[in-house]
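Chain residues, written in single-letter form:
Number of protein chains: 2
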Amino acid sequence: MRIALDVMGGDHGSKIVIEGVQQAIAEGIQVSELILVGNEAEIEQHLREHRNRDKRLRTVHASEVLTMQDKPVEGLRRKKDCSILKAVDLVRDGHADAVISAGNTGGIVAASTIRLRPLSGVDRPGIATVIPTPENEFVLLDSGANIECRPIHLLHYAVMGSVYSREILGYKNPRVGILSNGTEENKGNELTLQAFKLCKQIDINFVGNVEGHDLCHNRVDVVICDGFVGNIVLKTIESFAQGLVGWLKLELSKNPKRMLGAFLARNALRTIKRRMDPDAYGGAPLLGLNGVVMKCHASASARAVMNAICVCREALQHNINQRIRDEVARANERIESSHAA
Amino acid sequence: MRIALDVMGGDHGSKIVIEGVQQAIAEGIQVSELILVGNEAEIEQHLREHRNRDKRLRTVHASEVLTMQDKPVEGLRRKKDCSILKAVDLVRDGHADAVISAGNTGGIVAASTIRLRPLSGVDRPGIATVIPTPENEFVLLDSGANIECRPIHLLHYAVMGSVYSREILGYKNPRVGILSNGTEENKGNELTLQAFKLCKQIDINFVGNVEGHDLCHNRVDVVICDGFVGNIVLKTIESFAQGLVGWLKLELSKNPKRMLGAFLARNALRTIKRRMDPDAYGGAPLLGLNGVVMKCHASASARAVMNAICVCREALQHNINQRIRDEVARANERIESSHAA
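Quick note, the sequences are listed as chains H and S, same order. The first sequence stops at residue 341 when you use my numbering, and every number in between is there. The second sequence stops at residue 341 when you use my numbering, and every number in between is there.
Careful, some of the hints might be misleading.
Which copy is meant is left open, so a pair is good if it fits within one copy or across any two.
Pairs of lysine-lysine, DSSO-like flavour, derived with a Cα cap of 30 Å [what the hints assert, rightly or not]:
| # | residue 1 | residue 2 |
| --- | --- | --- |
| 1 | Lys80 | Lys200 |
| 2 | Lys71 | Lys187 |
| 3 | Lys273 | Lys249 |
| 4 | Lys273 | Lys254 |
| 5 | Lys200 | Lys15 |
| 6 | Lys80 | Lys187 |
| 7 | Lys71 | Lys200 |
| 8 | Lys79 | Lys15 |
| 9 | Lys79 | Lys187 |
Keep in mind the hints are simulated off the structure, nothing from the lab. Predicted model only: the values in this text are computed from it and were never measured.
This is chain H alone, in the form it adopts within the complex (with noise of 0.2 Å):
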């Protein structure tokens, strides 16, 4: 097992990045090789204020990075020599089995749905994001990667979102749902109605529509929607989740007496705290490619990058892509077939 990191074009550069590949180490990760994509020198720098250099890293040396000021078609055309290509790359190759990257969102789907191509049947990729909610965590799909959705796109997303679910989080049967204005079969916009329909007709455990009241209530594991309405919900989670505890901070510091309690309940937050990181998750992987593609959150820390590298690893274990290459061929026989009835 390889994994590809482009160390590059993240927040927080190399550094941090380089810092999570040690964490893994240090953790005991189990792969054969873990290749760090970027400026050599740089990386060679980070490298040595770690005592010890594990056998398993390798340097590849990338000229130019993308960065999140780069438009992301544009920006690779020029830089043909960036880190986020190169790692790809060498997944393409076949020098490595998956790539870790925290840099330009467009970029890494651009560069990745470019070089690897979607899995045949597949015809868009789509950004899995893990969210957690007091009694579950869910898997919204897509969560940025295609703006502008056919029918047909948000039925592959139900298709690899179950199989995310089932395979990586464990869920048995997870339930999937259409993100949409009201839970009735004819609530929606011209684009989720015809999912519906879609969705009706192949085998996994359809729950029909859901909407925002259900999200935070365990009634639905994976939440389909357009890249559109789903970047705007993940980041609107993050932001209020982010803002409502930031105002408990405030408020528990406005007097001595709420200081106290805060202290006395300190663990309670921090349980919530701990939980609601998007840290916890590492990446997001986007489904849908030849070849595993996880996506850090731009700020993501080293323990982030530690835990895209485990992520990674499950979904090279369980062999996921074969998986929706099948369920995906499943699901378009049967639209077809009933098509042809």
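Given chain H, put chain S in place with the hints provided.
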């Protein structure tokens, strides 16, 4: 100032609505008439439970109710004598200045759009919901009236939200943003990209695209989106705010130390809970119609109804429909002249 209330159709029935009306009267609300529309016998019974019957209370009988299960347009066609239609007709026929309902949202939108018609220059009405955050409160528009929008609808929402935020919430120069999957001008779907071009041309404080991350951090006062996205975002925020509070309560009750901490810090929690409570705003107006229409949460409390009556009063006093008509006319002219150029 005469306000009609559809007392039927909410989750808690007519009793709660009538209690809200009595609370408003007890608080000394300055209106000339409060018209209770619904089953007369039921209303009279509830009124008898209160000691003094205010002279400004009037009853209008409606023999039917549009329930939450009814499909809006079909239901309205079938139930010609339902309370929401009769209440809206009081406004149409000049017997009332505003209407409030906690009933079926689609029914309120359909009844008032059909009977009152959009304001001159406006294509579609939109629901404006006020969402509190730690540092400000923003108006989310449309939060569920108009599922499939065209760019011109979003432009009108930008104008209407701006007027509402200024006149009712007191923001001097409200920042208006389009909800998108990123802040850059080139981010968005077909609808928002076109709406962005329109919004740049008119006389509002347009701050461009905003993303989910901006919502909780005092970066925008009016958030524009189609009713599909708005409804999902609104319900997601409600779901997570409620879910996190519930989770916190659960964690705080896990041992005596935490319970003592929670007791000492209870006022901090109360401040936040009170501020996040949707009842504080009472109702969300359906903007862009010939008449003031206020939609309460289906599970609105008496306090919410009372607050909705106050917001109706504000809207009438500030003449917001006249202002919306004038500012939409100016925006439409601007767009047309730039098309002609």
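Checked hints:
1. Within a single copy, Lys80 and Lys200 get their C-alpha atoms no closer than 44 Å, and across copies no closer than 35 Å, so neither meets the 30 Å cut-off.
2. For the homomeric pair Lys71 and Lys187, the shortest alpha-carbon distance between copies (10 Å) is at most 30 Å, but the shortest distance inside one copy (36 Å) is not.
3. With identical chains, the CA atoms of Lys273 and Lys249 are at most 30 Å apart both within one copy (12 Å) and between copies (14 Å).
4. In this homomeric assembly, Lys273 and Lys254 come within 30 Å of each other (Cα to Cα) both inside a single copy, at 20 Å, and across copies, at 16 Å.
5. Taking identical chains as interchangeable, the C-alpha atoms of Lys200 and Lys15 are never at most 30 Å apart, the minima being 47 Å within one chain and 41 Å between chains.
6. When the C-alpha separation of Lys80 and Lys187 is checked against a cutoff of 30 Å, the pair qualifies only between copies, where the shortest distance is 24 Å, while the shortest distance within a copy is 46 Å.
7. Taking the shortest alpha-carbon separations for Lys71 and Lys200, only the inter-copy value of 22 Å comes in at or below 30 Å, while the best intra-copy value is 38 Å.
8. For the identical chains of this complex, Lys79 and Lys15 are intra-copy neighbours only, at 22 Å inside a copy versus 67 Å across copies, given an alpha-carbon limit of 30 Å.
9. Taking the shortest alpha-carbon separations for Lys79 and Lys187, only the inter-copy value of 21 Å comes in at or below 30 Å, while the best intra-copy value is 45 Å.
Checked against the numbered hints above, the structure breaks hints 1 and 5 and satisfies the rest.
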